[in-house]
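Enquirer: The primary structure of each chain is shown beneath.
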Amino acid sequence: MSCERDGRVLFQGLDFSIVPGSLTRVEGPNGSGKTTLLRILAGLHDGFEGQVLWQGRPRNDDRESFLRNLLFMGHRPGVKPLLTPLENLRFLISGRQAITDGQLSEALARAGLAGFEEVSCQHLSAGQTRRVALARLLLSDEPLWILDEVFTAIDQQGVEGLEQLLVNRAAMGGAVILTTHHEPELPGMDRLRLGQGGGREF
Amino acid sequence: MNSEARPVIRPMVRAVPILPAMWAVLKRDLQVNFRQLQDTLNPLLFFVMVVSLFPLGVSPEVSFLQVAGAGILWVAALLSTLLSLDHLYRHDFDDGTLEQLALQPQPLYWLVLAKTVAHWLVTGLPLVLLAPILGVMVHLDGNSIAVLCLTLLVGTPVLSFIGSIGAALTLGLRSGGVLLSLLIIPLYIPVLIFGTGTVAAAAEGAPVGGYLALMGAFLVLAITLAPFASAAALRISLSNN
Amino acid sequence: MWQFFHKLGSPKWFYGIAGRWMPWLLWSGLVLALVGIVWGLAFAPKDYLQGNSYRIIFIHVPTAFLAQSVYIMMASAAIVTLVWRMKLADVFVKSVAPVGAVLTFLALFTGAVWGKPTWGTWWIWDARLTSMLILLFLYFGVIALGAAISDEKSSARAVAVLVLVGAVNIPIIKYSVEWWNTLHQPATFKLTEKPSMPVEMWLPLLLVVLGLYLLFGWLAFVRMQTEILYRERKTHWVKTLIRPEGAA
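Protein chains in written order, with numbering that gives the first Met the number 0: chain A, 0 to 201; chain B, 0 to 240; chain C, 0 to 247.
Don't read these hints as lab results, they were simulated from the structure. Remember, it's a predicted structure, so these values are computed and weren't measured experimentally. Any given hint could turn out to be false.
To be verified - Label-pair ranges, simulated between beta-carbon atoms:
{"id": "1", "chain 1": "C", "residue 1": "ILE241", "chain 2": "B", "residue 2": "LEU124", "range": "55 to 65 Å"}
{"id": "2", "chain 1": "C", "residue 1": "GLU177", "chain 2": "A", "residue 2": "GLU117", "range": "50 to 60 Å"}
{"id": "3", "chain 1": "C", "residue 1": "PHE108", "chain 2": "A", "residue 2": "VAL51", "range": "47 to 57 Å"}
{"id": "4", "chain 1": "C", "residue 1": "THR120", "chain 2": "B", "residue 2": "SER58", "range": "21 to 31 Å"}
{"id": "5", "chain 1": "A", "residue 1": "GLU63", "chain 2": "C", "residue 2": "LEU29", "range": "14 to 24 Å"}
Unchecked claim - Calculated Cβ distances over 12 Å to all of chain B for the following chain C residues:
{"id": "6", "residue": "ALA41"}
{"id": "7", "residue": "ILE142"}
{"id": "8", "residue": "TYR212"}
{"id": "9", "residue": "LEU218"}
{"id": "10", "residue": "TRP236"}
Every residue gets a Cβ at the ideal spot worked out from N, C-alpha and C, and that includes glycine.
The whole structure should be built from the sequences, with the hints applied where relevant.
Expert: The following block contains the structure:
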């Protein structure tokens, strides 16, 4: 797989697979294409040469079932400021699972938002907003997680909890691909290194 | 080992229901709109103000307003729809919910359809409801007002659906608002022509059923085709992000 | 077939082919158009109703005709862009959109000039002229959107979607404008070619139309070559083409 943006090669000759039970961190300097790679894998970005396979078949052959198995979290948390955490979480899950409000509240509480369920998200801090999105991980039944900079704005305690969650997820047979700002030391983590500012010129 | 006891996550092959997802999108968009009521009302106020410009700028004579009234209301409705379109996807784009929408397992077509219906409910429908009052102010007779409202009722959703293509294409571009109008206005012309033409025909006492049916055909065409184009345009805009 | 398609996708290959075709297109187009125009303007018989003023159709009709065909060509290229992701199709759309806009403007301008002696006024909201005006708006939209998106691939696909949406709308626009026209002013005098046009009139007209098509092909190739050079400016073949001795 290779990708070129605005006339600049981001990466070339990339070939890898993600297996169940793995935890992979995409690494590289700023501008090396980490976010673009994650967006390509999720199917949000398609300006690339090459193939993305899901269970051995081209992903777009059965896009619906691929998407049903994918949980993607981008730079922007996907939380509407005008809605409450409960409404946001309910919406994010609505197209995927049938879940009761009780389960939603419980997930929000575990994410550290107990008491904030009915507060409009515009009154929450950046970290709390991020936690609304993270609460979704607690309910997720998708085997593939693609997480771009999930640790942004999360406090130390939250980081530890999230790291534990990711490790457990891999142990349960889920696959996690992520990028992070800090250097997490997670047991069994694979590294996928992207080149300095985009490989070689042609 | 205790890993045997743990639940194991496996890939799913399961059909996903479409209607509940559409309903969730519709409900969410209405909720968001009601929580920023001022933003939702602004295009309506704009509509009223533009209509009042014509008597002031051209002529308050009854004979002029009677002839031009339907056209004035239609042009004002068209402009106010154009203004509101810029917000259709922009907030979702900025806060990241749009990419979540694009990654829902349901085809994007249906979700875009739901979003556009929500847009019409908060911008188009109120225009239709306001039209009788403004119709009286521009001296249209009762029959003309009734026909005008019918054409707006059938025509404004077409405006929303076609406009959603433009909104999706110009998403994330610096020159969004004006560019959107440039792209969309030519496509609005047939609806405008039939909207005002039908009222003119009614004023002359001609039967208007056929014209209204034709506008209905525009609507059906817009509902079936426009979400395809909008969904494709959204994917392009997200890919460019 | 597939190999041909594949080749068409290669800008370098097209650059060479276009270079070989261009002189033929230019000269044959010039000859046909000039013969047609001279014949039409100087030798064709007068119109019994409009006298000499009708002679502007030898410019008006070909430009109007071509302006519409260019949009159809763009729509076909847009399908190729969306389905096969062929770069060259987008090069074509971006290169000919301004040409189409200019042709549309020329058709409108000559229509207005024709209107002065015919209707006694420069502009009449005649169905054809109005349709052409809307076509001009569509061209403006395509050009503006193409200019607004910097990323090449996104720009190509966004413009393709817009061109196709426009193409679906063109018949609807034409139909509604014609209906609107009959509603507001009962047809008096239309800018239509009479079906009973004598041979001495339509033959030169045909020559101009053919000539203009060939000239359009030439101009499209010139513009496409420029666009290709710009887009491929970083590749080896363009660098050696521009500086044969090499930068070293």
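Enquirer: Hint by hint, say whether it matches the structure.
Expert: Do the hints match the structure? See the list:
| no. | hint | in the structure |
| --- | --- | --- |
| 1 | ILE241(C) <-> LEU124(B): 55 to 65 Å | holds (59 Å) |
| 2 | GLU177(C) <-> GLU117(A): 50 to 60 Å | holds (58 Å) |
| 3 | PHE108(C) <-> VAL51(A): 47 to 57 Å | holds (52 Å) |
| 4 | THR120(C) <-> SER58(B): 21 to 31 Å | holds (23 Å) |
| 5 | GLU63(A) <-> LEU29(C): 14 to 24 Å | violated (56 Å) |
| 6 | ALA41 | holds (39 Å) |
| 7 | ILE142 | violated (10 Å) |
| 8 | TYR212 | holds (25 Å) |
| 9 | LEU218 | holds (25 Å) |
| 10 | TRP236 | holds (28 Å) |
Violated hints, in rising order: 5 and 7; the structure is consistent with all others.
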